[in-house]
Every structure is written in C-alpha cells, then in structure tokens.
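What follows is the residue order along each chain.
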Amino acid sequence: MTELRALHALPAPISVGGHGESWQVHLVNVPSGVAAGRTLRLSGNARLEWWALFSNLEQVDVCATKDPLRFAEPIRFARINREFNNAFHSSRPDDVHTGARTGR
Amino acid sequence: MHSTHLGQTTSIQELARGADYPARVLAAIVEISLAKDPPALLEGLMRATESIGASASVFTAAIPEDGSRPSCFSVFACHPAFAHEQSNRDALLDNPWWHFAQTHRKPGTNHEMQLQHAADAASMEVARQYGFRSCLVVPTMSGTEPARQEMLCLGSECEDDFEGSEARVVRALARSLASELHDWLTGHLRRQLLGTTQLRESDIRLLAMERRGLGTKEIAGLTGLSLASINSRFQRINTYMNCTNRKDSARRAAAYGLLEPL
Chain A
0 MTELRALHAL PAPISVGGHG ESWQVHLVNV PSGVAAGRTL RLSGNARLEW
50 WALFSNLEQV DVCATKDPLR FAEPIRFARI NREFNNAFHS SRPDDVHTGA
100 RTGR
Chain B
0 MHSTHLGQTT SIQELARGAD YPARVLAAIV EISLAKDPPA LLEGLMRATE
50 SIGASASVFT AAIPEDGSRP SCFSVFACHP AFAHEQSNRD ALLDNPWWHF
100 AQTHRKPGTN HEMQLQHAAD AASMEVARQY GFRSCLVVPT MSGTEPARQE
150 MLCLGSECED DFEGSEARVV RALARSLASE LHDWLTGHLR RQLLGTTQLR
200 ESDIRLLAME RRGLGTKEIA GLTGLSLASI NSRFQRINTY MNCTNRKDSA
250 RRAAAYGLLE PL
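For the protein sequence lines, the chains are A and B, in the order given.
Counting from 0, one number per residue, gives the positions in the first sequence under numbering that gives the first Met the number 0.
Counting from 0, one number per residue, gives the positions in the second sequence under numbering that gives the first Met the number 0.
So that you can see chain A by itself, here it is in the shape it has in the complex (with noise of 0.2 angstroms):
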C-alpha cells in the first residue's frame, strides 16, 4: 500500500494582519499538482480552513481572477502567483524548501 505523503513542501506562509484578522496560504506539491491550502484566522478561537488542488498553472490563473486579495492584497498576492510558479517548475523531488508550515 502507498503511504500518501507530500513528496516535498514549498512553503509560502504568508501573514498578513488587520482588522483581527489574518490569513495564510500554503502550497505543497503533491503527485498530482499542487496543494494550496488557504487559512483564515477570524474572531476567538474560529478558522476557516480550505485546501484545493491545482494541476496546472492554467488553473491558477483562472483562479486568479476570482481571487479578492488581486486588489485586496496585490503584493501578497504577487507573491502567492510567484510561489505557484515555483512550485510548478520545481522538479526535483528533493528539492526542499525549509521554512516553517504554520497553521497546522
């Protein structure tokens, strides 16, 4: 039986605060594309966590424009569509990143 396991992590956490709110995106490749996992810190002790999977950059990019931080947060986002990027061109399955995955 395959153990199911990320064959290696390209973090991206990025945080951003205001408003008592913030979020984190995570990215980790997987067999099949990429995991981008989205968390939303909001008021106590509540989350929302969502984790989709991209197989393309097509993909990302349809998303892209559906996504509120464009505006919201265009240098953070910037920065997510680099992270996909590097992501998706990263081949080498032994090609860590280190950096910490917060929100876990």
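These aren't lab readings, by the way, just hints derived from the structure by calculation.
Heads up, some of the hints might be wrong.
As the list claims (entries may be wrong) - Simulated pairs of lysine to any residue, SDA-like, Cα-Cα distance not exceeding 25 angstroms:
(1) B:246 with A:65
(2) B:35 with A:30
(3) A:65 with B:93
(4) A:65 with B:124
(5) B:246 with B:196
What the hints assert, rightly or not - Taking CB as the label site, the calculated pair distances span:
(6) B:25 with A:89: 28 to 36 angstroms
(7) B:193 with A:71: 27 to 35 angstroms
(8) A:89 with B:163: 42 to 50 angstroms
Yeah, the Cβ is synthetic: ideal placement off N, Cα and C, and Gly gets one too.
With chain A fixed as given, assemble chain B onto it according to the hints.
This is chain B only, laid out in the frame that chain A set:
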C-alpha cells in the same frame, strides 16, 4: 463547463456494475487514514473520488468553537475555481447541500435538496458547472457533544447518476469514505490542538472531568489534588485553550476530539 481534475468518461452507475468495483473503491478509501497532513488527505480524497468514478467531491466540517461561530475545514477534490467560489464560510455553510446534511442522517441526492431561495438554485447551478451535475450528499456527525457536523458531497457529470438500484453500492461506499474522512479529521484536530496548546495528559483528564459535570470538590476527591491546585490548573488550561472559563475549555476539547479515547 469547467474541466475538472477528474475527467469522468463513463457514468458511475456503469462503473458500479463491474465485479471488482467495490474492492477497487475500498482500496482507495482505506488509504485515507494514512494521510499525514491536509495536502495528503486532498490527494487521497482525489484518488477515492476517481475510483468511485465521480467527477468531483467536497468534504466540509464545521467545528464548534467557544463562541457562536464555528471553525470550518474543507477539502475540495475538484476544479480549484469551485473552491474559490465557495471559500467563505457563508457559502460553505449556507447552501442546499449543507442544509440537507444538517437535517438528515442518511445520504441524499440533488433531487432531495430543498431549494428555498433563488440563492439556493444559483448555488446548485454553480456546482453543476464544476462537476456536480448530479450529486450525493453524505452527512456525518460526531457522537460527542458539542457535535461536529460534516458533509461529503460526491459529484457526477451524468444526470441522475446516484439514483436507481446501482446507486446502493455507491451510497454504501460513499458512507464508508465519509466515515474515514471523519476519523482522519478527528485525529488531525486532536493533533492540531495538542500541538498549539501544549496540554498534558493530566490536563486532558481534568477537562474530561469538567465535561462530565464534576465540580472542583469532586475532582479533588478523585485526583487527590487540592482545591487551589485544581483552580490554578484550570486557569492555565484556559490560557492554553484561549477560552475564558473551564466550561468553554472542556467544550472546545470535546469538539476537537481530545476527550475521546484513542
């Protein structure tokens, strides 16, 4: 129509007629428990969805917190644009699928969803565009209180793919998949809370006693600790749990599966 990850080439009903279908699907479902983290879970859900023959799936959980608003955890095994469409809590917890899951114990198809408002119909129409032309919603609920509510929704590009006698097998397998996802999430939440709160086993025992409704004196009688020590321990636990009182801490611990035996 948006292309999905899981290019569905044939109907689920047709696939389900194959003699080895249940075994193949179960082989994918049992791998869910091996997922080390959410990305691996996503990958596992993707494989299980594909093995069922579905074109898309979503797993969503609402975890009660100390306040009125729950935390949400979702995994989208479908086109990521659908995840973006659904990515705020209102969209996740205010749609016909979730309403169905909240009010039913047994799985149901899109024909059983009640569309009460125009927004409900719009929500279903968006879902249709992302591989949920027909769908099967499987509700799950934790046995502990406060109850964590969860829902698995499987989608198909084929109309009425979850109806008819062949669907009995698919429903049984979908329930099995939902149960595996539930178990995985319980372990994940438990690890997550233990990782962030640094609670010790003795703290968890205290929280379990509080959850059972025991007062300080009763806890002292059972543990041999002094009343002052128990109050002090609970103050520290409340800080770790980010809760204002021991009752809320115990509720949160229960919701995160911390008080369930391993």
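Here's how the hints hold up against the structure:
1. A threshold of 25 angstroms between alpha carbons decides the hint, and for residue 246 of chain B with residue 65 of chain A the separation of about 41 angstroms lies outside it, so the pair is violated.
2. Pair hint residue 35 of chain B plus residue 30 of chain A holds up; C-alpha atoms about 14 angstroms apart against a cutoff of 25 angstroms.
3. A hinted pair counts as satisfied when its Cα atoms are at most 25 angstroms apart, and residue 65 of chain A with residue 93 of chain B qualifies at roughly 20 angstroms.
4. The straight-line distance between the Cα atoms of residue 65 of chain A and residue 124 of chain B is roughly 17 angstroms, inside the 25 angstroms bound, and the hint therefore holds.
5. Between the alpha carbons of residue 246 of chain B and residue 196 of chain B the distance comes to roughly 16 angstroms, so the proposed pair stays at or under 25 angstroms and holds.
6. A hinted range of 28 to 36 angstroms holds for the C-beta pair residue 25 of chain B and residue 89 of chain A, which are about 34 angstroms apart.
7. For residue 193 of chain B paired with residue 71 of chain A, a C-beta distance near 34 angstroms keeps the hint of 27 to 35 angstroms intact.
8. The hint said 42 to 50 angstroms for the Cβ distance between residue 89 of chain A and residue 163 of chain B, and at roughly 46 angstroms that hint holds.
Taken one by one, the earlier hints fail for this structure only at number 1.
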